[in-house]
Amino acid sequence: MARLSLPQQDYINEYGPHVSDLPVTGWLSKPEPDAMVKTHCCFCGMQCGIKLAVKDGKVIGFEPWEEFPFNEGRLCPKGVKRYMQTHHPDRLTDPLIRTEHGFRKATWDEAFDLLISKIKSIQERHGKNAFSMMSGVSLSNEKSYLVGKFARLALQTANLDYNGRFCMVSAGGGNKKAFGVDRAANSWADIPKAEVIFLSGTNVSECFPTLTHYIWKARDNGAKMIVVDPRVTPIARTADYHLQIRPGTDSALGQALLHELIANDWVDHDFVANYCTGWDQLRESVKECTPEWAGHICGVTPQLIREVARVWGTAKTSFLMHARGIEQQIKGVENVLSLINIVLVTGRIGREGCGYGTITGQGNGQGGREHGHKCDQLPGNRDIENPAHREHICKVWGITDEELPHKGKTAVELFEAIQAKEIHGMINICCNPLVSHPDTNFLREAVQGMEFFCVIDFFMSETARYADLVLPGSLHEEEEGTSTTAEGRVVRIRAAVDPPGNARTDTSILLEIARRLGKEKLFSYKDNEDIFNELRRASSGGTADYGGITWKRIEDEMGVFWPCPTEGHPGTPRLFEDRRSFHPDGKFHFHATPYRQSFEVPNEEYPLYYTSGRSVFHYLSGTQTRRIKFLVEKAPGPVCEMHPMLATKLGFQNRQIVTVESRRGTITVPLQITEGIRPDTVFVPYHWAENLAANQLTVRALDPISKMPEFKVAACRVRSATKEEADRLRADWKNLSQEALA
Amino acid sequence: MIAPFKEFFIDFQRCIGCQACVAGCAECHTHRGSPMIHVDKVDPAVSPQTVPMLCMHCKVPTCAMVCPADAIKQDENGIVHSSLKPRCISCSNCELACPFGVPIVDQKKQQMQKCDMCFDRTSAGKKPMCATVCPTGALFYGTMEEMKRLRPHSKPINKWRFGKQLVETRVWVMVPLDVEEMVVDWPELLKGVEGPVDFAMKLKERFQLEGFVDPESNEPLPFNMVNDTKDTEAQFL
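Chain order of the listed sequences is A and B.
Numbered by the numbering used here, the letters in the first sequence go through residues 1 to 742 in order.
Numbered by the numbering used here, the letters in the second sequence go through residues 1 to 237 in order.
In case anyone wonders, no lab produced these hints; they're calculated from the structure.
Be careful, since some hints might not be right.
To be verified - Looking from chain A toward chain B, a few residues come up when the C-beta cut is under 8 Å (computed): (1) Asp21; (2) Val24; (3) Thr25; (4) Leu28; (5) Pro64; (6) Cys76; (7) Thr210; (8) Ser285; (9) Lys287; (10) Lys634; (11) Thr674; (12) Glu675.
Glycine is no exception: its CB is placed at the ideal position from the N, C-alpha and C atoms.
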């Protein structure tokens, strides 16, 4: 059973997170490197180019890679310090098997034997689908593709999903509905050419710092910037127009903007008539959606909405971007569509300086969501329920249709099925749901009830502590492969070093499990490039077509943009230049997005909005960045941001310890009073686990289409912490900066 | 052969407070883990505005002028260097006198260390580390022509006035087109005070009143993790 056998503190003492800021060579004797390995940063969808300095099989530092065209050497602090993770003292170097007294080290043979026997035993008793897999999109394209094939053909389960379900599935859902393809429509090179930059629900400067440069280049050229965010983020601080709306009201704003565009005839009638469908229904749907109506819902003035509509409506060129703020809601897909509508209605897409895109958050969030570790998807962004799509993949994989499972459960539903004892086992790779799943108290209970839980990870994540078996895997810099950046550029990830100790590459772990499950024939690859070449064939003819992309081309051309169907094809930095979508009818599809309320809105009992997000110093669930001292010093733990008006009303002072409560859980944190947030909203960043997990409070309610949970909107209340809570916080906080032993 | 040095520009409005410059600076082989650049929060209770601060390489460096040991030297490129170790008596005069608050005397090393505009990189024709990694262009290393072409809506200036002291710097700051000099003055702080005055002490007193400085140690308080409430039950640290 997946339970802790020791107190939490013992796991922390043994496996961390400990903080370390010492290069493997120490500071005093940094030698000249043997090699500078041109690869990419592992943190966030920008995938900035970076050179890792290697000496005697160790990563000893970095150099900016100024020739790489996207970031030209620019990095954020996570990128600068990422090399400190490679030889971190917390790295897992042996398989670990849970005993009554914590983990014991095991041999790989022992570990594989245990895993195989558990998979077989569970599947014999409860059916194939009772064993599941969770994956993550910090994995390379090759690994993502392999996980998709591994789960379906080696584990023979339909129940495979991935942590993109907590990230950008709503964007994918909206994009597929409107465009028939799921990719940013333009490369970032179009941003500086736009007259208006529209950023909705995206804290660009903290989550994608290097993209800020492109926005500033546009502003140097005179562009106006519109930001929609309940908080004054560093990018919102410099906006020309900041719509500081209530959490969860984005589609109302989108509808009012569309209403104004139509009312003032800022519409590209030729584009709408000849290249779009659904116009009449769309126009009808926003008839009543005046700025007054939306202003009331959103909590901003109608004048501001009118002004923004004018700026957007009268521009010649524009670039609209959004991210998790609008996507992580039960209306995620609708919010996305409401913004796509205002892009399409002005016809500003598929041309120079006219752009649209979601800013993908995870390292390989783009590529990872194209090649089949999503429960409903096959490589090349194919649909697992479409017979023609299935046929193509069966052919590439050399199997019959019966051997290919159908659609499985989405991430949250998967854990709910575990809780309901429908699913009894799981292999979890590259995912730390104890931090990143909504309603973490529920999640913990579900995990604890599992019969067998295996985690593949490079550090002991908080989730891994609950595992029956932990397999030490590899980091981004320990395996060859590719990833696809948020602008759709496929880039090369290089192995700078080997995994430490007895740790193995993720690929070799999966291949060995497949072999021991008797599926060697389906999984015989010469090397990772061989996997990529199979991925190319599998994606060929799909919307995310990698057919013409080779590793060599990627290296020579500094990345290739998909779709790229043949080797002679130059790649496609800008989609829709022919004014055709990827739908069979070639049209862009409008969808009406009538406004509806969030799952939970404030009431007398829980009078405030609760929302969460990221800090520039941490990456996702923090498994990597909470171990790097520089980053931990800058952002040691979560704080609750609150407006001074609200703080005064509640009688709080800055830095006081408070407890935030929702219907699902509580979190005790120091208060940070700032004018940069709406007075009816509090914000807690989510990178921490257990008592410090912001997701203790969030809701499990899902978007009906994308199945994305509503991380961004919940109702809460705030009170002073009790002495016990404050003491517990002090103890937890102390752990956050526990130093690693040299 | 030493490559020709270019101009360094700070564009405060672009800073997002990410501290990539600080992280990158610390990596340098000559100062091994300690950054020579700082990012300050301006008024975190009001706005997320932050500003990067590195050595401005004054044309007539105050730090060198007040150094009793003549340990601080400026080279022919206008770069002001860390104190010469054999000469430095670590008296901290430079630290106290610099109007930008840049030099830091390391009492263990008995030396003042500061930004030398990455001499090892710039002399080899590369950009300083901070200006290479800065994700927003808040720090920029290039020619005056490049800068004027790239950012036509602001302009570089290098004249500062601190009370009565005029300072011209090698490092440029980007300001709105109608600004001619940077003025740092606080006349009301000195109202009613006669004769010479310790401005730094006055500032410290002022900050103490506002709760930004620990009254016992006189150290500035880290923003995130301190307690300035009077209510002991709710205190954090």
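Quick rundown of the hints versus the structure:
| no. | hint | verdict |
| --- | --- | --- |
| 1 | Asp21 | holds, 7 Å |
| 2 | Val24 | violated, 13 Å |
| 3 | Thr25 | violated, 11 Å |
| 4 | Leu28 | holds, 7 Å |
| 5 | Pro64 | holds, 5 Å |
| 6 | Cys76 | holds, 5 Å |
| 7 | Thr210 | holds, 4 Å |
| 8 | Ser285 | violated, 37 Å |
| 9 | Lys287 | violated, 39 Å |
| 10 | Lys634 | holds, 6 Å |
| 11 | Thr674 | holds, 6 Å |
| 12 | Glu675 | holds, 5 Å |
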